[in-house]
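Taken in order, these protein sequences are the chains called A and B.
Heads up, the first sequence is in our numbering, so the first residue is 1 and it goes up one at a time.
Heads up, the second sequence is in our numbering, so the first residue is 131 and it goes up one at a time.
Heads up, some of the hints might be wrong.
Stated by the list, open to error - Estimated spans, in silico, between C-beta atoms of each pair: (1) Ser11/A <-> Lys191/B: 26 to 32 Å; (2) Val246/B <-> Pro40/A: 19 to 25 Å; (3) Gly180/B <-> Ile118/A: 14 to 20 Å; (4) Asp222/B <-> Asn13/A: 36 to 42 Å; (5) Ser11/A <-> Asp136/B: 20 to 26 Å; (6) Asp126/A <-> Glu252/B: 24 to 30 Å.
Treat the hints as calculated values from the structure; they're not laboratory data.
Glycine included, C-beta positions come from ideal geometry on N, C-alpha and C.
The residues making up each chain are set out below.
Number of protein chains: 2
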Amino acid sequence: MPDTADAIVQSINFNSTGLVPAIAQQHDSGEVLMMAWMNPEALSETLKTGRVCYFSRSRGKLWRKGETSGQVQKLIELRWDCDADTILLQVDQRGVACHTGRRSCFYNAARDGKAVTIAEPEIDPDELYS
Amino acid sequence: MPDTADAIVQSINFNSTGLVPAIAQQHDSGEVLMMAWMNPEALSETLKTGRVCYFSRSRGKLWRKGETSGQVQKLIELRWDCDADTILLQVDQRGVACHTGRRSCFYNAARDGKAVTIAEPEIDPDELYS
């Protein structure tokens, strides 16, 4: 969707550093997998290729999710909010989303008055980045 | 959970403006409702009261969700991610989350090469803020 991609990128309110937060949700289970950031180029590429691309703030460059780990995110549908300042990605996550080897990055929770770990790694991180 | 609340607030990596993004998800349906921001005080209050409180960047003060609209968010479980720089709130949303009167703020989508509205208001916004 080349025309739509450009129009959507134009309509998004990127923040003062040129980025917009993007939430990735597994499209069928509803599980929230991760939150990362996109610049206009990452958003445009994601819309045009159907494969999720973020902008890595630590590395200062495009981050094609899964490019080193193989844990790619196929875009099912891209949504955005009322203020056009947050993206919600409906994705199909291959393998795991988290660099720790867990399916979701949100594996810490406050339960019964304690901070607990609610998910364990499914893949050894050494395997992801070897 | 007073002790846990303080410990969790201490462990979160707030950004350079002292805020952390918080995603609200309806705990049973999995629907992502909105994304807003918390400062340490908002996070602490949310954990201690069980009612979600954000920090309004536009108003520069605590925003107890539903304080004017009545559309409160009851906290079911608070989670955070691998980098401790994003919060995921499992909530029970009374009524609608969006100021437009829609259940979710994410009502814009790219479908079939077009930007479309995928949800309509359930409540007249004038009713929410009268």
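Hint by hint, here is what the structure shows:
| no. | hint | in the structure |
| --- | --- | --- |
| 1 | Ser11/A <-> Lys191/B: 26 to 32 Å | holds (29 Å) |
| 2 | Val246/B <-> Pro40/A: 19 to 25 Å | holds (21 Å) |
| 3 | Gly180/B <-> Ile118/A: 14 to 20 Å | holds (19 Å) |
| 4 | Asp222/B <-> Asn13/A: 36 to 42 Å | violated (29 Å) |
| 5 | Ser11/A <-> Asp136/B: 20 to 26 Å | violated (41 Å) |
| 6 | Asp126/A <-> Glu252/B: 24 to 30 Å | violated (48 Å) |
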